[in-house]
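Enquirer: Here are the chains, one letter per residue:
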Amino acid sequence: MGDKTDVWQGTLALMVLKTLETLGPQHGYGIARRIEQTSGDLLSVNYGTLYPALLKLEQEGYIASEWGVSDNNRRAKFYKLTRAGRRQLEKEAREWEQATVILARFLAAKEEAS
Amino acid sequence: MIWIRSSFVRLRGLFRKEQLDRELDDELTSHLEMHIEENMRRGMTAEEARRDALIKLGGVEQTKESARDQRGIPFLETLFRDANYGVRGLLRSPAITLAALLSLALGIGANTAIFSLIDTVMLKALPVKEPAQLVLFGNGLDQGISDGFPNPWLYSYPFYREMQKRNQVFSEVAAAFSIVDRIHGFIDGRKDPEAMSIQLVSGTYFPMLGVQAAMGRTLSEEDDATEGGHPVAVVSHAWWKQSLASDPAVVGKKLTIGSTVYSIVGVAPAEFFGTKVGEAPDIWIPLSMQKEVPPGFDGYNDTRFESLHLMARLKPGVTLAGANANANELFQQILRGFAGAPLSAENLQDLEKTHVELNSMATGFTRLRWQFSEPLKILVVVVGFVLLIACANIANLLLARATTRAREIALRQALGAKRSRLIGQLLTESMVLAIAGGVLGIGFAYKASHLLLRMVSDGRESLQLNVPVDMRLLLFTLGVTLATALLFGTFPAIRATRVNLTDFLKDGQSRSQSSAAAKGWLARVLVISQVALSLVLLVGAGLFVRSLKNLSNVDTGFNRENVIRLLVDPSSVGYKEDARLMNLYQEIEQRVSALPGVRGASFSVFTFNEGTWNNAIWVQGYLSGHQSTNVHHNAVGTGYFAAMGIPLLSGRTFGPEDGATSPKVGVISETMARTLFPTGSPIGRRYGRGGPDNAGDIEVIGVVKDVKYNSLDEQPQPGDYLPYAQNIRYLRDFEVRYAGDSSATVAAIRQAIHDADPSLPVSDVMTLENQVARSITNERMVAQLSSFFGLLAVFLSCIGIYGLMSYLVTRRSNEIGLRMALGAERSQVLWLVMRESLLLVAFGIAIGVPVAFLCVRLLSSTLYGVRVNDPATLLTAAGLLLVTATTAGYLPARRAALVDPMVALRYE
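Residue numbers (my numbering), protein chains in the order written: chain G, 1 to 114; chain F, 1 to 908.
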């Protein structure tokens, strides 16, 4: 896998956590759809990469899963945020904001200099 | 710590595969269904909806695969799978695998065991505080009591005190008696005497070493202040466990040694064995008590009673050289300063030339290093060779396997297996083999180190050594084999995967044959080296065996058969060196001589290989160059020559007429007669000890055959025998010549001794034959082990040849079938294959002979009565190798000859 995907995977985890915070317990398909909609359909989630990411988050203890029934009566696996996940989300969101601020300043400064 | 949690979960994932697989299936199914449903709501047809959902998911199987990778630990799973596959592959050729494993196990085990022994004897630091600061005066090899002037190896007690007082370089100086007393004492409340070895030490000994008691206290300077005033003892941890049953209330218990009652004040820590490697005394008593501990040394105030090993701890920042300079200066000053020092011009000249040599005592000191270094070095080389041969076998096995699988590997590559993945798999298989061999080797190392210690402990003193299997050494040897497996596993693995696929699949055969030729080259070199190494080992083993045989057949001068030898210790039960002791000896001799079947019985200072007693003697009227000559003495009873079977050559031996008050007489050896009384009969001539004035003291009454004193390979030496009645002293040994059953005789002898005095401790009962055999323990050990490893090497080489030939026959079965179809006789085919293995062996021998010559030349000093380039040994070794190797080559050759041409041709 290339470098881009790595970065992408990192942000994917954050998006998943944020989505679960906003929506509450949600199944894989729901999370994927929500991410697409939130990004204004600018992002096209490769659903295939979502499941390993969910598995990883679960292994790390940030989300928990259980089988339940969806709105239209389908059996589906529902994911929800754990307490550790909530903390992780705050932390990562903060870091991300910081990173964007720094990067934004950096880009602005570069333009001035040239 | 997240990674710990997730690795745990992932590890669990390895074992719940099926359930997790099912859940994933369900989850993806429900995902697809929801997606399809939504697509259809948006107006797609069922077909379109399904297609779009599948595309968005990016393939069900791919998703599952990447989820699975995330779930378990893919690296581990692959490893398990490969290992499993490797084990199955190895089990498919059990004979070769077993041989490879055994050779690895023996190679690793033997190397570890021998290195562990070397480590214990030569390299391990003393278990004391900062051992690197410790120094020893001299080399610690000398033992005993001397009155030499000057003597830089053994020191008097007053010298120790002066050195302690006046030096500027040591934070503390300590002294230990150079001989450990092996005597008998009584433990509080027990009637039977207990054997114990006692080390007399200065009060500074334990504080200087920085050794703290495990219980109670150790000795201190206060215990070494007044002569005879400190009856205290520290016991070793081992003795406390063994003789005092780990008594928790041991401090304050009493020990009766000689006529003094000692209080046990403490127990030394378990790891502390003293300062001399291999000796491990049971009890430490302050030097202030030396006169009270049998045999009652009287050296506390004697400046000419040189009997101590001196040791010291350097002050911080002082170098060994700096300390040496100061110690040397003081050595000169102290010896000159003693009242009554023998300061003749000659002695002063000697003193100026004599220097104290300080040596590091970080690893303790020991005669063992000197005694065992040669045989251990030989064994290290031998087992090293065996390990090399074992590694060659492994290499060959792996090479053969990799090459026969070239086709399989090419096929797998063609089907898309990654090269790294294939190499990884081949390596895993090599590792499986090496690790299994290593595990077996560890088990073997434990067994072998016990066995080895038993073999060397058979020597003159039982060795008090604790030889743990050293983990570092084990890991090192294991590392070597793993490296071999990796090296010889990698090489063919990389080559096998570099196959040009199209070529191979188009015409598998021609390709595989050229690679077989390349493989054959390396394998042949390996087999030839194995044969050469085996030859070297065989020649060495042959020489050692012949040397041992020569040694065992040496004429000792006495008849070693049918003699029982034991030790009686009257010194521990109150006897002094006086007439009462002599009467006791005579009474025992008479009682034992009267037993049925006993042909002679006598006490003596020693028999064989128990040390010697040397003095200069002066011969009356002897006018040749030297004033005096050193001879070996022995004080014996009247029955000694009969008991030992030493033939009388002229004159008479001792009789009852040679009593304490009769004229002094002596019996001399052939060599003494020849060298000191060269003209005329020595009978009636006179000599004496202690100076030219005493030259008329002793009259020669008989001449007996020469005997060996300390070792079987020594040259004949001058010696004399004196009747103990005229030389009152403790005699350790009691010898009895008997006919009939030995165990009944031993029981009768014990009874007779206890009839004379029931309290007498009797110990170390053995036959004279054993006593002689013990003196060549090292030689026997080397001969046995080198033979064992030599034969093992031949066996391993045979496996190597067998493996290679089998492999070649299998690869060439097509060609052989063709030849036979074209009319070749079976015998011709047999010869075709046999010629190959014979050539390998011949090459191996041709290389091995000069190497063997070079190697054994280094052994010449350790061999007895065999020439290094002994042609018989060489021929036997080469012959043995040729026969066994040919047999190993014959089996695959016969299989080749029995090939059915039709089957062989149809096969490819």
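A hint or two may mislead.
Cross-link-like lysine-lysine pairs, in silico, PhoX-like; alpha carbons within 25 Å at most [unchecked claim]: (1) F:K129 - G:K80; (2) F:K56 - G:K18; (3) G:K77 - F:K254; (4) G:K18 - G:K91.
Coverage of chain G stretches by chain F, computed from C-beta distances (three or more under 8 Å per stretch; other residues unrestricted) [to be verified]: (5) 18 to 29; (6) 49 to 55; (7) 93 to 106.
Rather than coming from a laboratory, the hints here were simulated on the basis of the structure. Glycine residues also receive a C-beta, built at the ideal position from the N, C-alpha and C atoms.
Enquirer: For every hint, state whether the structure bears it out.
Expert: Evaluation of the provided hints:
no., hint, verdict
1, F:K129 - G:K80, "61 Å, violated"
2, F:K56 - G:K18, "22 Å, holds"
3, G:K77 - F:K254, "80 Å, violated"
4, G:K18 - G:K91, "12 Å, holds"
5, 18 to 29, "holds (count 3)"
6, 49 to 55, "holds (count 4)"
7, 93 to 106, "violated (count 0)"
Hint compliance for this structure: hints 1, 3, 7 are broken, all remaining hints hold.
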